[in-house]
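Colleague: Spelled out, the chains give:
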Amino acid sequence: MSSLIEDSVSAAFTLRARSIRKSFGGTEVLHGVDVDILGGRVLALLGENGAGKSTFVRVIAGAHAPDSGTLEFQRSDGTAESVAALDPIAARRRGIRMIFQELSDAPDLTVAENISLGNWPSRTGMVTWRGMRRRARRVLANMGVDLDLDAVVGELRIGERQIVEIARALSDQATCLILDEPTAALSAEEVERLFAFVRRLRDQGVALVYITHRLDEVAAIADDVVVLRDGVVSASGPAGEFDRSQLVSAMVGREIGAVTRPPATSNSAGPPMLVFRGASSPRAFQDVNLEVRAGEIVCLYGKVGSGTAEVADAVFGRRRLSVGTMKVLDGAPAKDPRAAIAHGIGYLAADRQREGALMTRTIGENLAAPSWPRLSRGGVISGTRERRAYERWSRALNIRAAAGAGQLLGSLSGGNQQKVLLARWLERGSKVLALVEPTRGVDVGARADIYAALRDMAADGAAILVATSDYEEVVQLADRAIVLARGRVTRELRGDEITTETLTDAAGG
Amino acid sequence: MVNVGATDPQTGPPEPAAAPTSTSGPPAERRKGRSAPELAALLLVLVALVIFFWLRSPYFMTQDNILNVLTAIAVTGIIAVPGTMLLIAGQVDLSVGSGAAFCGVLMATTAQNHAIFIGVLVAVAAGIVIGLINGVLVTVFRVNALIATLGMLAVLRGLTEVRANGGTVLLANFSGLGTARPFLSIPVPVLLLIGIVALAALVMRHTVFGRSLYATGSNPVAARLVGVRGSKMIVVAFVLSGLGVALSGLILDSQLSAASPNAATGLELTVVTAIVLGGASLSGGRGTIQGTVVGLLIIGVLNNGLTLLNVNSFYQEVASGALLILAVSFDQLRLRLAKV
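Top line first, the protein sequences correspond to chains A and B.
Note that our numbering gives residue 317 to position 88 of the first sequence, counting from 1, and the numbers run on in steps of one.
Note that our numbering gives residue 979 to position 27 of the second sequence, counting from 1, and the numbers run on in steps of one.
What the hints contain is simulated information worked out from the structure, not anything from laboratory work.
Bear in mind the structure is a predicted one, so any value in this text is a computation, not a measurement.
Backbone N, C-alpha and C define an ideal beta-carbon position, used for all residues, glycine too.
Be careful, since some hints might not be right.
[Stated by the list, open to error] Here are a few chain B residues that face chain A, going by a calculated C-beta distance under 7 Å:
(1) 1174
(2) 1177
(3) 1234
(4) 1238
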């Protein structure tokens, strides 16, 4: 079996990054980073948001030029080469490919076209369609994937699109593949499949750099680990020499315990605030029964696409039921988000960037927006009132903003942004919260702050529904857990029944 | 070889997110700055232009000429102020120039058979209707604002020619609005502009309506999910733009004592240049009324100064086009720096 992937084995890839420094506008993000990237090994690159992971791999991929430091390549013939910076073309020529977190495919084109995107097989300037299909078939076969070459990529599932992107990266002599949080949007099954490719590539001699947030993935896939914290390497070595708590403390700089259940709360006897009875919504969920009482945190757990997010959307008036009933605070379902807010419902969308944050506006405005009707007098609103709203909640949520309420939201880290968006509903006094993936892309420290705030809200009598695909979140947060698979409730768990094992088991393979 | 460099628990946790400089990464620093430094830079450009023309032409800094500059930008400004609100909400109105001509001709032809004030009412009503149509096209039918108002530009110019029968319509007894100088010998249009600017600046800063426009322009989906009625706000902003257009059309009539169907041709170019130069972003969510005022002044000073220096007016047109491209390039640069 000869293939382009096989060819890459001939040159074992070795890149030693030494003393890499990089600043943006006077802020140094990398303070002299040393990392070795070796062929035939999987390097897990860990760190909280803003630790410098993405900046570092972009230096390797030629997207950023470092301010100082060297990139030392070892050639197969024993000679060495040292460069101060790469540009994207130079990085490409050395076989370095990067798969970004966000999909960068052409959704209107077919699988075959996407695999040859930007590098079309051609004869005398004309694209040869047969060559394109042949290449796609070969690459996919080598990856052990069966995908329809003529399928339009935009119609595939996220996991499959990611596979197409990887196939594109591998379609020509890749010797070093960088994956930036590739599993964020994948189901458990798709993650397994991805891991299988990664291992296969490693065995073929490719150097893999795997950026992740999730520590359980390190044990599953990594040979080596590098942890970045605040732009320096805070831990590095073979993956087997670290346990989970060592990695966490290297990431956050302090001890954080293992995933444990909080002590059971006694205040779960409130009246039902949110009730679903036999509720269905087309292509989302079927026959869902659930109840959230005042003072209770109920987690809806399921893989991405299992319908959990859609249930939360229905609570907030973003989605209608076709069958069944829903009651929120003794009222009928809200017809739109505006009505839902007025009715006392709060909501966090899964995609903070696209559906939550007003990045170009201040923290104060972001926090106060749902409360504008209350904070204004005759349509006039004062900055002072907004500032006070911020001051009311910044301490409770531990929001860290150097310039306070007047700072632009976009200048905060992801965790702090999410805290501001959550504070919206504290300020609004919402009694029912529907939160979708409330800690996605949020670092460990901020996550603990958000969990604490949610507990306090529940203790004050709020009914909280959390739709999540992160089982660790369920274990740490839920008073009760409801598991969804393919839009149907498969199991309801309470108290000590909620463990990572029972959850993954109920969510199905 | 294990090398765990975690902070000693005794020394306490570090403060990773204490300042945007430490954890929030590269975008932090650049985005933190609000529009203030940009406005300062613009003001610097304006001052430099003023000094340059002052040195080259002794007439430039006379009271008469300063009022000339202000009068010249009044009509543009009365449209650019609601235009700024629109762009902040992520929309644009290109129909303003032909809209002003349409309202002007409508007023003058109506006044031929009816009282002057009926003509004024008809023109104002036309402005409101134009704004409503634009707003509904953009929000209900979801036509891209650029295209909807570009179509409206052509429609209105055509209707204007039809209404005016291709010729200029004379108009008597209506010169007060455009030429009277009731206060410190400042012409009425300039006073109107000052009033509109002050009002709009307050509205954008201190009202729920202003905040809602910013929120909608910044992220329409997120704005809807915090209860902002973006579509309604956008329709209102288009209507305000229509009102500005009607008022400008009336001022033009009054200044010339006639309505020309070719009036205000290409005005949209100047309006958009002033707005974008003033720091409002084509992608919405950013910009200030104050910025637009400075943008207007830069354009006004440049045109006036070049005329005083006897620069061929064709070159002035080249300059204004180049200025627009420059302004948009700065906008793009700004966005790119903010992203990285």
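Colleague: All the hints need checking, so say for each whether the structure fits it.
Modeller: Hints, one by one, checked against the model:
1. 1174: Status holds, d = 5 Å.
2. 1177: holds (5 Å)
3. 1234: violated (13 Å)
4. 1238: The hint holds - residue 1238 of chain B has a Cβ within 7 Å of chain A, the shortest such distance being about 5 Å.
This entry does not satisfy hint 3, going by the numbered hints stated previously; all others are met.
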